[in-house]
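There are 8 protein chains.
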Amino acid sequence: MDSEIREVLSALRDGKISEDEALLKIKKKPFEDLGYAKVDLHRGIRQGMGEVIYGASKTPEQIAGIIRSLLDAGESRVLVTRLSAEAAVSLKASGIELRYYEKARLGIVGEMPPAGGIGRVVIATGGTSDIPVAEEAALTAEFFGNETVRLYDVGVSGIHRLLAHSDEIMSASVIIAIAGMEGALASVIGGLADCPVIAVPTSVGYGAAFDGLAALLSMMNSCASGVSVVNIDNGFGAGYLASMINHMTAGRD
Amino acid sequence: MDSEIREVLSALRDGKISEDEALLKIKKKPFEDLGYAKVDLHRGIRQGMGEVIYGASKTPEQIAGIIRSLLDAGESRVLVTRLSAEAAVSLKASGIELRYYEKARLGIVGEMPPAGGIGRVVIATGGTSDIPVAEEAALTAEFFGNETVRLYDVGVSGIHRLLAHSDEIMSASVIIAIAGMEGALASVIGGLADCPVIAVPTSVGYGAAFDGLAALLSMMNSCASGVSVVNIDNGFGAGYLASMINHMTAGRD
Amino acid sequence: MDSEIREVLSALRDGKISEDEALLKIKKKPFEDLGYAKVDLHRGIRQGMGEVIYGASKTPEQIAGIIRSLLDAGESRVLVTRLSAEAAVSLKASGIELRYYEKARLGIVGEMPPAGGIGRVVIATGGTSDIPVAEEAALTAEFFGNETVRLYDVGVSGIHRLLAHSDEIMSASVIIAIAGMEGALASVIGGLADCPVIAVPTSVGYGAAFDGLAALLSMMNSCASGVSVVNIDNGFGAGYLASMINHMTAGRD
Amino acid sequence: MDSEIREVLSALRDGKISEDEALLKIKKKPFEDLGYAKVDLHRGIRQGMGEVIYGASKTPEQIAGIIRSLLDAGESRVLVTRLSAEAAVSLKASGIELRYYEKARLGIVGEMPPAGGIGRVVIATGGTSDIPVAEEAALTAEFFGNETVRLYDVGVSGIHRLLAHSDEIMSASVIIAIAGMEGALASVIGGLADCPVIAVPTSVGYGAAFDGLAALLSMMNSCASGVSVVNIDNGFGAGYLASMINHMTAGRD
Amino acid sequence: MDSEIREVLSALRDGKISEDEALLKIKKKPFEDLGYAKVDLHRGIRQGMGEVIYGASKTPEQIAGIIRSLLDAGESRVLVTRLSAEAAVSLKASGIELRYYEKARLGIVGEMPPAGGIGRVVIATGGTSDIPVAEEAALTAEFFGNETVRLYDVGVSGIHRLLAHSDEIMSASVIIAIAGMEGALASVIGGLADCPVIAVPTSVGYGAAFDGLAALLSMMNSCASGVSVVNIDNGFGAGYLASMINHMTAGRD
Amino acid sequence: MDSEIREVLSALRDGKISEDEALLKIKKKPFEDLGYAKVDLHRGIRQGMGEVIYGASKTPEQIAGIIRSLLDAGESRVLVTRLSAEAAVSLKASGIELRYYEKARLGIVGEMPPAGGIGRVVIATGGTSDIPVAEEAALTAEFFGNETVRLYDVGVSGIHRLLAHSDEIMSASVIIAIAGMEGALASVIGGLADCPVIAVPTSVGYGAAFDGLAALLSMMNSCASGVSVVNIDNGFGAGYLASMINHMTAGRD
Amino acid sequence: MDSEIREVLSALRDGKISEDEALLKIKKKPFEDLGYAKVDLHRGIRQGMGEVIYGASKTPEQIAGIIRSLLDAGESRVLVTRLSAEAAVSLKASGIELRYYEKARLGIVGEMPPAGGIGRVVIATGGTSDIPVAEEAALTAEFFGNETVRLYDVGVSGIHRLLAHSDEIMSASVIIAIAGMEGALASVIGGLADCPVIAVPTSVGYGAAFDGLAALLSMMNSCASGVSVVNIDNGFGAGYLASMINHMTAGRD
Amino acid sequence: MDSEIREVLSALRDGKISEDEALLKIKKKPFEDLGYAKVDLHRGIRQGMGEVIYGASKTPEQIAGIIRSLLDAGESRVLVTRLSAEAAVSLKASGIELRYYEKARLGIVGEMPPAGGIGRVVIATGGTSDIPVAEEAALTAEFFGNETVRLYDVGVSGIHRLLAHSDEIMSASVIIAIAGMEGALASVIGGLADCPVIAVPTSVGYGAAFDGLAALLSMMNSCASGVSVVNIDNGFGAGYLASMINHMTAGRD
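Residue numbers (my numbering), protein chains in the order written: chain A, 1 to 253; chain B, 1 to 253; chain C, 1 to 253; chain D, 1 to 253; chain E, 1 to 253; chain F, 1 to 253; chain G, 1 to 253; chain H, 1 to 253.
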């Protein structure tokens, strides 16, 4: 933007335009020119590190088009979330070199970056049914350059399974606690760990689980010390935030 | 009842009444005479072991009257639940020898019975704010003749506090798990223990605790193995049920 | 576990390892070795009496594998819950000798054990639509060695149907009260019976039944005397808990 | 109204006004003149039998004024609902001869009418805490000329108490079933009785009673056969509807 | 039952059995024999007038069996509710002479009885989408011998459509007001009519209709004067209750 | 109606009927004749400008019939809402010249009218998934003669996208703000704009979006200054209301 | 703002500052200077016509200070909403000439402006308890220069009361429909009127009114044709929006 | 712990105890000795940096006792949350040197530490009523050694107020977004910022705010990119987590 306003200012200084014309031109500058805001929140942490496409409401053609233009623009990798298996097949058929992770419903173009950041991101689930959400979180974190540790099926009704992994939990940089019926997982991990814990309620369960509401409320009530909550089934959001926290220093000095 | 029907039958056999009259008399017998139902559910487990008065909606005069008639009828002890401190003062002033437990809002007349049953009833709470409900449960269990163990403030966000009591938990006969914000307690105890666990959600907490709803839903979702749930803040109900389970064999053979 | 730690201790005493090495080895022992926790909550009451597999989120191949390893390990019987008819066919085709109970969606390998425990477990339902949940509860109880009595379609809007079974109700050891629209069943049975009552709300009904919420809330409010509640449609949990209560003395002396 | 339209028609016939003027006058007649609607729903069943004032949002002066104008207009009796004790004292102090029923929060001026209608209106409650709502219902029914039978504290957790009154229930003309925690009462009575049952949920209870929501949902689900529901704590509405049903024939021939 | 007890009494009087034996026999009589309760709530108002089968959870074979046994027992007509079109075809194929009403999902065997009762039952709906529930109500009322008047699509957002039928509304004996999104219908009709109004919320609508919850709550709040509510979509219940009210005098003298 | 009443008045004046007969005839006039109410709310703003058919619960045959009769009656254009693609094909096959807008599920017969009104109607959406609702709103507004501006995918998590359109927002006559997960859009636009804002929550989203409830509540809480809310997904309602507001003066003088 | 940017431009043109300095100064201008946004949404429609202070969370001293600075700045009138009676007394005592409207909890400084706009704003309420919210709406509308018509206690359960005012309703420019228990009012008025209807649910009522939730949901479902909804009890918001709509043309040419 | 187990091992090696005795001793070690868990979650980030007491359910005497023992143990500062003004007065009277922050309901003993961490913690609120929660968050963050920036009353309905602070937002290390009615704040800030955003819903508002539920759901739905949510009104939790994130590197290398 600066250059555009500068042009106006030059023209004014050079007497090519009047003060009123300059005023008008400056006021008309579209907002995005001012640099106040990031280009697109969903589009990744740092230019050159990878871009994200939300695949749910797009056709394979649209997704392919966006991927191509990103790669053309020099992007080295692209993450497509909520991608159906059918759409993945279409993408591959159209020549996109994409690895598809069926459980996580993610597609990734390009190589994963080397892991960086402060430490490791631990992803823990209460049961095996929570694994799809966990994989979405783990792969997202890896896509943004984090080392991950998966602790699956360590729900609190068998607390020993969780405690057997005390080392991983206590040495984590960030922990993502994912649970449906047993929203309790976030509380217990929050108590064991000394790092930020991101809780993800899942819609797993039946009856009084009410599609994740029980886990959501349970997790909200555990927020005393380092635990915060993202939306039901929002594995991507948890992985993204975990990466952001795990790279805290990188972008600050 | 038997004797009353028998009277009718005798009268019929003796020709004092007709068949029609006998039929009418039998049909008119009030239902309770048939022995199908217990006299009053709230009134204790076994005649002679203690009676219970729900104090919430009764005046001190009414409560005193009921206590006196129970004692006159040979009852050795009486438990008054949801008794306000003011009502307790009034009762004592009117000559009732009553011990008042302020936290639990319970009044007890007569000595506690000797502890019996299969084993011990463990009462665990997530926090210190849950203690009033826990005391209601513990004293109720003691009133019905159970040995109790209190494990207070062993919430799951500090799991070591709970695990430090693994012995008590693993050797319990019945466990009452009481928690407000951290409904997770029931799940964790359910996983450690090998006995029935009665979960009591409490209205403790704020915000998304929604007066106990979060804990209630969380506990309902832990019901996989030996855990069941009673109403929010229902310490009496939990203590009563625990006693019933802990005396299972006593009444059966 | 003991034997493993004992090995370490022997090696230390015999001078084969240093004190530091012994310390390290002991600390590294996975938690389950320490005996603090049951091996797996879902896996049955007593070693040798039967194991349980939650079939909902597993492939027939996975289930078959687990069954085989359990039988190899000497298990005499296995219960598979939430098993679809298709998965049952696959299991049989793969050579597993399994009896499939379609209504209850249960598969059982091996013979039912002889009935033991304190007395009989009565399973009552409000309507005929509640029967699938009831069968899950009843077969689970039988699988763990309990005599069962089925009282189906005895909902409170026809109270005589229930009262006609007063004998069964009053002589039960534990009662499982299962109802959808008429959550009232638990209250009425709780009033008639002198034993623990486990209430199971079902998702049966329409309109203001709200998928079991109405029955759940209704049952929670009946918890005054010996009644507690498990999750909506959780027949297995009710049967398991009933068995636990009905075998109270067996494991305690 | 007729007389007013008639005046217009006379004037037209007599040539005093033109057709157009007549048309305009008739169209301008306020709607209530056309007799399409009752004067005021809350104001009672039949002119001369009694009028009702909703006292909740009115000052004693306003209430006194309305009472006086009703009596002046020849009304023989007036019912004031939701009347506070203080307002009742004020009314009496201002010279209104009013009987005040504290539990029901009702004030009545004038004598109760003789009981009429098809039969008796039975008012049953689950517990003693429901009695205020029940008294509001019973006195309302009596105010409109119905014989009433009160069956209080016959909740379903002690079913014998209810069954002991089978005669009153089976011979009732209309039954009002009032219950808070035990919304089950409506179902059981609905099954015993052969007449319309009006269910009134109350806000009595705690925890999962959620201010009457549990009872409301429970009662909605009992609506199979002759049971319908009015608002939480709406004793007046139930008494009014019961009277309407109990006088069905009176107004039809 | 009487005859059975009478047999026992005769045997006693004749000395064929002892007093003790008589006592035992009488106590063992199944409850339903005592005449305390109706045989089956769902099964109609009066013996000989028609029976009802709830078709939702029954196979065509089961339904056919029940119909045949009812007809054999002398029943002149049978109503099957919640009957799918496929089941109706099966029933006809198996030789049952049944008229099927597709919208209402009702099947009727035998002729409709002549209309009786105090007056007419008016069935009004807010929109055309509410008609299936309305037809269930109307046909149920006709099946039990009531004259019906259908006022469909008279929702309050076009109040003139409703007012154009003021005559039918004001001369009705009972009114069934059925509405989904516009739960307001019950309030307006309740204000116009001078007879009991049964409100039926429907699950019609979208968004904030929340499957009938909005209409249900709206109708509950209209219960001031003669309006009561049955379950969402419960056309049968409304028709049955309307018939009960419309026949009030018939059964009472 | 006037003419009909006039006839009665003429007859009276001419002595052909008596005053009583005239009175009766006038009272019997059906309500709709009195002109108190609009013919049908859903049927458009002004006779001759276009009619609307709610297509959801009608067969293609019914819709075709209504369209034909409207066109025969001189209607120049017809809007069919909630029209499925299949029904649109059927309509075309039956000879109706209809343009089908698939996303909006709208069918339109006849030409769009020239745009009029005070100014432009801006339709803004939070995301691309909200576009179907937005198109329903935009096409409805155009159908009733409004110029529209579409601002799609300007959700508040990328505020610059919205601010880049400040001109359109600040010069709008009415704004329709449509958002699912990000109900915040209405608040932000309400703060930027100086005209009425109609908020439309959508059922887009997952998890704690709860089918539009989150957006609905969020929007209700933004209602401070010029913002009001219509039902979830109700694009038609928003477009209709926007047109009504944008034509405020046209119909008033 | 213009003048400030103009100063920068002048300085640049005159060579007093460099281009870079000018660029920096312009970018640093606080946002509000750019004219992109209204100064304060709550602060009224048009400069000079009146300002609004939200009184709820402010001390009388703070309110007095704001009023004085507004008057000093040339404001001719000020509206204070949610003002307690005590605060009003304090304001007067501190010398502010303020008229206090107790029911509406509004304080107004300065004269009401002459009524302008397209037509009249009609404010209708379902009952007398809704009047405080209605007065807040009516006085707000008057404060912003609108003629108002009050139609109170015209709830739909006595539809004639509403219809008697058909003239006012049909000739209104905007209608505000305010109702608690009877949310139906908005639907009925929406059907009668040919202008925008703003619905305001109130927290009046008891039981299933759930503090305005029932009315809110009911009104949301009426949004088909010209009806939209603001927050529960939000009389100010409705009055403000009504004024905005009623002045549509004034600000557009 | 190590030293204690080492003692056992030494004793074994030295032949002072048998292998069995060693085994027993090791198994009996209380869990906390094993170092698996932190001592107390609520008690601060790092020993020596400050301790926290939850004041809500404790008497001033209890609080004073805990403070004294912490200071005796060498703690340099103590934070007491949810401390009432009365309790603060008591504490001071008992000789504790405590600064009381009334709005935040916090008491602090000892000096604030110097600010450290990666950068600044920005605390933003939607309105002035949210300030108490914000102060709790800000002071907590300062107590744990963070520089804070307060941006109050920057709600999204006046977006310019927020954008005027773009610099602070874009250069923040962590942002705490606190809002009641306008839960939208978190979304907008999440879009502007490039750092973790912790959203705190507040119970501020009325009507459809439902005590913070609306804001909570709204914030849950914004969780796409770096936004997570803590419990309603949980200022402490947000401040604690912000500090944890802002000190990410400090504790890791």
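The reader is advised that the hints may include incorrect statements.
Straight-line distance between alpha carbons at most 25 Å, and here's what the computed SDA-like set of lysine to any residue pairs gives [as the list claims (entries may be wrong)]:
id, chain 1, residue 1, chain 2, residue 2
1, H, LYS16, C, ARG82
2, B, LYS58, D, ASP14
3, H, LYS103, G, ALA64
4, B, LYS16, E, GLU61
5, H, LYS16, C, ARG150
6, F, LYS16, D, MET170
7, G, LYS16, A, GLU86
8, F, LYS58, E, GLU111
9, H, LYS58, B, LYS16
10, G, LYS58, H, ILE66
11, A, LYS103, C, ARG82
12, B, LYS103, H, ILE66
13, C, LYS103, E, GLY15
14, G, LYS103, G, ASP72
15, F, LYS58, E, SER18
16, G, LYS103, D, ASP14
17, E, LYS58, C, ALA73
18, F, LYS103, A, THR128
19, B, LYS16, E, SER18
Computed list of chain C residues with no C-beta within reach of chain H, every gap over 12 Å [as the list claims (entries may be wrong)]:
id, residue
20, SER10
21, ALA56
22, ALA73
23, ARG99
24, TYR101
Worth flagging that the hints you see were computed from the coordinates, not collected in a lab. A virtual CB, placed ideally from N, CA and C, is assigned to each residue, including glycine.
Now the hints, each set against the structure:
no., hint, verdict
1, LYS16/H x ARG82/C, "violated, 55 Å"
2, LYS58/B x ASP14/D, "violated, 75 Å"
3, LYS103/H x ALA64/G, "holds, 22 Å"
4, LYS16/B x GLU61/E, "violated, 54 Å"
5, LYS16/H x ARG150/C, "violated, 61 Å"
6, LYS16/F x MET170/D, "violated, 60 Å"
7, LYS16/G x GLU86/A, "violated, 65 Å"
8, LYS58/F x GLU111/E, "violated, 32 Å"
9, LYS58/H x LYS16/B, "violated, 76 Å"
10, LYS58/G x ILE66/H, "violated, 37 Å"
11, LYS103/A x ARG82/C, "holds, 22 Å"
12, LYS103/B x ILE66/H, "holds, 22 Å"
13, LYS103/C x GLY15/E, "violated, 51 Å"
14, LYS103/G x ASP72/G, "violated, 29 Å"
15, LYS58/F x SER18/E, "violated, 74 Å"
16, LYS103/G x ASP14/D, "violated, 52 Å"
17, LYS58/E x ALA73/C, "violated, 44 Å"
18, LYS103/F x THR128/A, "violated, 38 Å"
19, LYS16/B x SER18/E, "holds, 17 Å"
20, SER10, "violated, 7 Å"
21, ALA56, "holds, 27 Å"
22, ALA73, "holds, 25 Å"
23, ARG99, "holds, 42 Å"
24, TYR101, "holds, 41 Å"
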